Amino acid sequence: MEVLNKKRRVFVLGGGISKFAAERVDGNMRDWVNEAVLEALEDAGVDIQDIEHSTTSYFSDHFDKQLKAGAIFHDNIGMCPKPNVRVEGGGATGGLAIRNAYAYIMSGLCDSMIVFGAENMGRHVPSDVAQQFIALASDTDWEVQVAGFYIAYYAMMMVAHMEKYGTKEEQFALVSVKNHRNAMYNPKAHYPMDITVEDVMNSRMITYPYKLLDNCLLSDGAACLIFATEEWAKKHCRTWERKPTIEMTGTGCGTDFMRMADRPHPYPGITHFRGKRMAAEQAYKMAGVKNPLEDFDCFEVHDAYSGVELVSYEDLGFCKEGESGKLMEKGVFDLGGELPTNTSGGLIGFGHPVGATGIAQGVEILRQLRQEAHPKRQVELNAKRGGMDSHGGTGTFCVVNIFERRD
Amino acid sequence: MGTELISNLLEIFTAEDPMPFDHPEGDPWKDFRQIMRIEWKMEFTYRHILGKYSKFFIELANKRFFTTECPKCGKVWGIPRPLCADCLTITRWKELPGTGVLSSFSVSYFVPAFMKVETPYVLALVKMDGADTLFTHQLRNFGRVEDIKVGMPVKVAYATEPVSHPMLLMWFEPA
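Here the protein sequences come in this chain order: E and C.
My numbering numbers the first residue of the first sequence as 1 and each following residue consecutively.
My numbering numbers the first residue of the second sequence as 1001 and each following residue consecutively.
No wet-lab data here; the hints were simulated from the structure.
From a predicted model like this one, the values you see are computed outputs, not experimental measurements.
Please note that the accuracy of each hint is not assured.
The list that follows gives simulated cross-link-like pairs (lysine-lysine, DSS-like), each with its CA atoms no further than 30 Å apart [unchecked claim]:
#1 Lys68/E - Lys1030/C
#2 Lys1149/C - Lys168/E
#3 Lys68/E - Lys1041/C
#4 Lys1149/C - Lys1063/C
#5 Lys164/E - Lys1155/C
#6 Lys164/E - Lys1127/C
#7 Lys1041/C - Lys65/E
#8 Lys320/E - Lys1127/C
#9 Lys1063/C - Lys164/E
#10 Lys164/E - Lys1149/C
#11 Lys1075/C - Lys168/E
#12 Lys320/E - Lys1149/C
#13 Lys65/E - Lys1116/C
Going by beta-carbon spacing under 10 Å, a handful of chain E positions derived as facing chain C [unchecked claim]:
#14 Lys19
#15 Asp31
#16 Asp139
#17 Met158
#18 Glu163
#19 Gly166
#20 Lys168
#21 Pro192
#22 Tyr210
#23 Arg263
#24 Pro264
#25 Thr271
#26 Arg274
#27 Gly331
The C-beta atom is built at its ideal place from N, Cα and C for all residues, glycine as well.
Chain E extracted, bound-state conformation (with noise of 0.2 Å):
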């Protein structure tokens, strides 16, 4: 792998997040992609009429009711007649976005570039048809047909985690109760909560092991992030020498068989992500991260169930294998501990709107890198260095992103 071109270098020039929420009767995503879109190029101090490119980020035709919805998103900022480009990758559908801007721009193809990202997930469609529409992105022919669907694959997965190493329900419901009340510190979070463990374990049943605490959310809402060299920055972003400067310098993408039926044993066979551990090693080495418990202040992980948080910490290289739930009682995730994760609250307190979610935790790490955060959600900087992973499917599509800050 020979991508680090260093004559060329990815800056992040700001982010804007239109609220996470159950249901956003305000507006369509046309609107939201509107709101966030405004307010990234204000935080950014850049005029669209500069910017030469887009990425659009978005997952589901089904949830949408709108093929090609980025040309609409386009032409509503005033980029016609700029190119863009959508692309998809489920739950990691925003992750991808951002990665592609690192490409597009490290490869010359443009300077600079917007990516905004959305989806209409809410309450317009019944829950179970909502958990239809994901099942979609299972294998249609093979898993669908026996009534599977996503909270089935993961408990799966969990009972196998659980069975091998002796993970806790208990100590998977600390993720929640953590993601819930980081999100009590972002106005723009779908579900901040103040709760404790047995809230979650007294919360109803959906899928054994996974009550309904355990679970991300169906969110609307819209993210997005300017990504420049920074030439193209010193020429055309007002706020360039006034904010701290944050440059991407890590990104990987990795991959599993769609059902995990198919996937080798013993790794990752049922437990594991191998797709993230391989788009970690790979972000890792273009960051030079080598110990990711020290070499990063803050994390966001994809909490799409709380126990995927677990599994996540050992496949990014936070813990070995069948620790995680440990080092989760230890608090080491905890905002004030050794690495805090999901400081926005994530896919479970934030919310999950899945073409907006990986554009979501890159304008954490950008408030965090710059101490633009909360009070009480702010981490300390000391590496200067943030991550950020998304999934789709069951970890069959994975990125990992990194951001770090150059004083």
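Place chain C on chain E using the hints.
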């Protein structure tokens, strides 16, 4: 009003600003807070081809469980695939005894739409005897939920009543 002319109209209402904390100067979108919601119904029927693995479903109707074996590397995929994903060799059909061991499971008290299944229902990953990878299907007739254990022997059971999809010609049961 005239709105009664709209046959799929659900409601017209005034939305609140979802981000007042960002708008100390007042709502920038105040001219756009009147919202209409409509019902939008879409129905499609597809004539779907079940790919080169159609024989699997044809044999299920004969109460036989087939999968594929790679003639080059010898891998037997639990779920048949016409091309071996390990060595890109075109595979051959192979019959399995239809017995196996439960690798993992989940117990659902919630059903996605369009699926007709009684709750709680159990989704299972099974290591089929004679195969190198797993197979996904429901486990039925398991007695009590507490009796389901990883590692328990299971077998394929075949439908005798009409089914709505060929995949439902089978399921797993405790062996």
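Checklist entry - Taken at face value, is the distance from the CA of Lys1063/C to the CA of Lys1149/C at most 30 Å? => result Roughly 26 Å between the alpha carbons, so the hint for Lys1149/C and Lys1063/C holds.
Checklist entry - If you draw a straight line from the CA of Lys1075/C to the CA of Lys168/E, is it 30 Å or shorter? => result violated (35 Å)
Checklist entry - Is the interface hint for Tyr210/E satisfied, with its Cβ closer than 10 Å to some Cβ of chain C? => result For Tyr210/E, the interface hint holds, since the closest Cβ of chain C sits about 8 Å away, which is under 10 Å.
Next on the checklist: Check the hint pairing Lys65/E with Lys1116/C against an upper bound of 30 Å on the C-alpha distance.
Outcome noted: holds (25 Å)
Next on the checklist: Let's test the interface hint: is any C-beta of chain C closer than 10 Å to that of Thr271/E?
Outcome noted: Where the cut-off is 10 Å and the nearest Cβ of chain C is about 9 Å from Thr271/E, the hint holds.
Item to check | Restraint status (C-alpha distance of Lys164/E to Lys1127/C at most 30 Å) | outcome: holds (16 Å)
Checklist entry - Holds or violated: is the Cβ of Arg263/E closer than 10 Å to a Cβ in chain C? => result Hint on Arg263/E: holds, closest Cβ of chain C at ~7 Å, below 10 Å.
Item to check | When the least beta-carbon distance from Lys168/E to chain C is tested against 10 Å, hint result | outcome: Because about 16 Å separates Lys168/E from the closest Cβ in chain C, which is outside the 10 Å limit, the hint is violated.
Next on the checklist: Hint Gly166/E vs chain C: min CB-CB distance below 10 Å?
Outcome noted: Hint violated; Gly166/E Cβ to chain C Cβ min 13 Å, cut 10 Å.
Checklist entry - Holds or violated: is the Cβ of Pro264/E closer than 10 Å to a Cβ in chain C? => result holds (8 Å)
Checklist entry - Does the structure keep Lys320/E and Lys1149/C at a Cα separation of 30 Å or less? => result holds (26 Å)
Next on the checklist: Given the hinted pair Lys164/E and Lys1155/C, is their Cα-Cα distance within 30 Å?
Outcome noted: Holds, because 23 Å separates the two Cα atoms, which is no more than 30 Å.
Violated hints, in rising order: 9, 11, 19, 20, 21, 26, 27; the structure is consistent with all others.
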